[in-house]
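With the hints as your guide, set chain G onto chain F.
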Amino acid sequence: MYKALIIEDERPAAEHLQRLINEVDIKIDIISIISSVDEALVWFNNNPLPDLIFLDIQLSDGLSFEIFNHINITCPVIFTTA
Amino acid sequence: MLSDIYKKPDFKIFRISWWNLIIPNVIGFIIALLSYPQGFQSASFIPFLVIYSLSIGIPFMKTYEYIEWKLEQFIPWLTKPNLRFFLTAFLEITIGILILTAVNYFIFIVIQKQEINILFSKTSEGLKYLIIFTIIGTILINSSHFFKSWKQAAVNEEKLKREKLAIEYEALKNQVNPHFLFNSLTALSSLVYKDQQKAVTFIREFSNVFRYVLESREKEVVDFATEKKLLQSVSYLNQIRYEDSLQIKIDLSDATDKYVIPMALQMLLENAIKHNSISVNKPLKVEILEEDGYVVVKNNLQPKKSEIVSNKIGLENIKSRYKYLSDKDVLVENINEEFVVKIPVLRIKHV
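Which chain is which? The protein sequence lines are F and G, in order. Heads up: the first sequence begins at 0 in numbering that gives the first Met the number 0, then just goes up one per residue. Heads up: the second sequence begins at 0 in numbering that gives the first Met the number 0, then just goes up one per residue.
Bound conformation, chain F alone (with noise of 0.2 Å):
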């Protein structure tokens, strides 16, 4: 089982998105959705890193990219925006 984590604001296109992506495969296990970059740093400072992050870049209070000026992620990141 893969551990993905989803970080989008819109929370219908964060479904739509988990939706899409147990359609292509089951194996994959969505850990949690996150909608701002300071619920971001506050999930990575207490869980270990998933083994994918789903993140869109235009967050709800700024964008994705600070959360790679605070956390070290090592981590495939497959960045999904318009």
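Rather than coming from a laboratory, the hints here were simulated on the basis of the structure. Please note that the accuracy of each hint is not assured.
To be clear about the criterion: a stretch of chain F counts as covered by chain G if any three or more of its residues have a C-beta under 8 Å from a C-beta of chain G, and this derived list gives those stretches [stated by the list, open to error]:
#1 24-37
#2 41-54
#3 65-79
What follows is a set of in silico ranges between Cβ atoms, one per label pair, in the way DEER data are often shown [as the list claims (entries may be wrong)]:
#4 I77/F / N176/G: 19 to 27 Å
#5 I77/F / Q151/G: 56 to 64 Å
#6 V191/G / N45/F: 29 to 37 Å
#7 N45/F / E290/G: 39 to 47 Å
#8 D194/G / M0/F: 29 to 37 Å
#9 Q196/G / E22/F: 19 to 27 Å
#10 S206/G / V23/F: 29 to 37 Å
#11 D253/G / I77/F: 31 to 39 Å
#12 N45/F / D194/G: 46 to 54 Å
#13 N45/F / S319/G: 24 to 32 Å
#14 S206/G / I77/F: 26 to 34 Å
#15 I77/F / V191/G: 20 to 28 Å
No experiment lies behind these values; they were computed from the predicted model shown. We treat Cβ as the ideally placed atom computed from N, Cα and C, and that holds for glycine.
Only chain G this time, still in chain F's reference frame:
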């Protein structure tokens, strides 16, 4: 715009301009040449003519300026040209008779000690010219004012057209922006699974927004009822995307005799969403309401961490368009963690 030309600062009742000195003399000489050419044979005639012309001309021109300025406040040329013309001519001629009589009395009766009969003949002779020159003068001066204001109006209209195109372009850009389309379609495909009824509503509101842009493109102003419908559609779309993180309250009447410029409120609403952080913990609250002759758009200020690139076109454009349409300015206030924009309510005067 015409009222700009009659502004008070130009007018000083005790300041004599070179016009006040030259025009009475020119007219005085013309009248003397026409009616009393033999007078020029006498050496003292020209100094007498100058004094006589000025003592009638200066008070007359000064009261003329004063009357024009005063009347413009109550009966502007632009809205009531006929009434204004007759009123101006009537007042001028009445005042002219008084000035003429007073000056003639002083010069011919008090100084030259002539008989009282001479007063009536001199005054009635002067009156003939007074009427002719007053009417010619009124027509000349005001046609030049008319021309100036017409030119000003044409320039303003051109500017307004340009500003309007710019805001139209901005709004269209927002709507066909791939980001907006993509996000809306993503939200829609999620809705299709979850809630078909909502999905249908979403599509309807989505097309409402586009229909509004199409319809209001040609318009200078839109009424409250139309604008409210658009705002409701726009806020529905955003509500679906942001759910409880975004709280929009629209408290506008359905008035059809109150107007705002098209797409302005929508742009302000979208600006608030674009520039602020929106989350369940810290929801963005946008409120749109009418207050003391303004439509007020306010939101709690919680700027995003990363600076959003803003071209500032939106707000500046709204401000400059209102300069042409209203005496009141667009107000932008940033107080107590609140961002407030106030847009004057427009009412159309039927002239």
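*Any hints from earlier that this structure breaks? Give me their numbers in increasing order, please.*
2, 3, 11, 12 and 13
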